[in-house]
Amino acid sequence: MELADRAVGFLLTFTSLSIFTYYTFWVIILPFVDSDNFIHNYFLPQEYAILIPVCAGVVLLSLLCIFIGLVLLKSKKKKA
Amino acid sequence: MKHVLKLFSLLVVISALWIGLLQASIIPRTHTWLLPIYFIVSLGCYGLLMVGVGLMRFPTCPQEALLLQKDIAEAKDFLKKKGVDVGSD
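Chains A and B are the protein sequences, given in the same order.
Take 22 as the starting number for the first sequence in my numbering and just add one per residue.
Take -10 as the starting number for the second sequence in my numbering and just add one per residue.
This is chain A alone, in the form it adopts within the complex (with noise of 0.2 Å):
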C-alpha cells in the first residue's frame, strides 16, 4: 500500500523536476546559445514555450469551471 503511494510521490516529483529542467532551459537558457548548435533540434520553437503553458492554463480554468458548474447544479436539483 505505502509502495504505491511512494511510487506515484515519486512519479510526480520527476515529472515535476523534468518540466521544470527543460522549461528553465527552453526559456532561460537558449536564447543565448548559437542557433547552428545541435542543441536546438532537441527543443520546440520558441513560440510553443509561451502557447503550451497558456493553453494548458486556458484549459485548467475551463474544467474548474464546469466542475463548479457541475457541483452548483447537482445541488440545485437535490433542494428542488
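Honestly, the hints are just simulated from the structure, not real lab data.
It is possible that some hints are incorrect.
Restraint ranges, calculated between C-beta atoms of paired labels, are given here [claimed, not checked]:
id	chain 1	residue 1	chain 2	residue 2	range
1	A	ALA28	B	VAL(-7)	32 to 40 Å
2	B	GLN12	A	ALA28	46 to 54 Å
3	B	GLY43	A	VAL80	21 to 29 Å
4	A	PHE46	B	GLN12	25 to 33 Å
5	B	LEU11	A	PRO74	16 to 24 Å
Because the structure is a prediction, the values reported are computed rather than measured.
Idealized CB from N, CA, C, for every residue including glycine.
Chain A is already provided as a structure; the job is to place chain B on it using the hints.
Just chain B, lined up with the frame of chain A:
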C-alpha cells in the same frame, strides 16, 4: 486578512521589479516579456514537487494501526453487549 495583504505586497514588489527590468533594458526585451510566464510555470512545478515529496515521506505508523483495530474490536463488543446494532461484522 493579513495573509492576503502579505501575498498582495509580494505581488506588487515582483511586478515593480519586472517593470524596472523592462525600463532598464539590461536583458533583451523578448526575455523580460517571458519572465512572468516562466515564474507561473515554475510556481506550479514547485507545488507539484511539494505534493510528490510529501507523498513519498508519508508515515504509516503500523503500531498505531494495530492499536486502532483493537480499539474497534473492543468498541464493537461493548456495543453489542449493550444491545446496539453495529452493522457489518
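Hint by hint, here is what the structure shows:
no.	hint	verdict
1	ALA28(A) to VAL(-7)(B): 32 to 40 Å	holds, 37 Å
2	GLN12(B) to ALA28(A): 46 to 54 Å	holds, 49 Å
3	GLY43(B) to VAL80(A): 21 to 29 Å	holds, 25 Å
4	PHE46(A) to GLN12(B): 25 to 33 Å	holds, 28 Å
5	LEU11(B) to PRO74(A): 16 to 24 Å	holds, 20 Å
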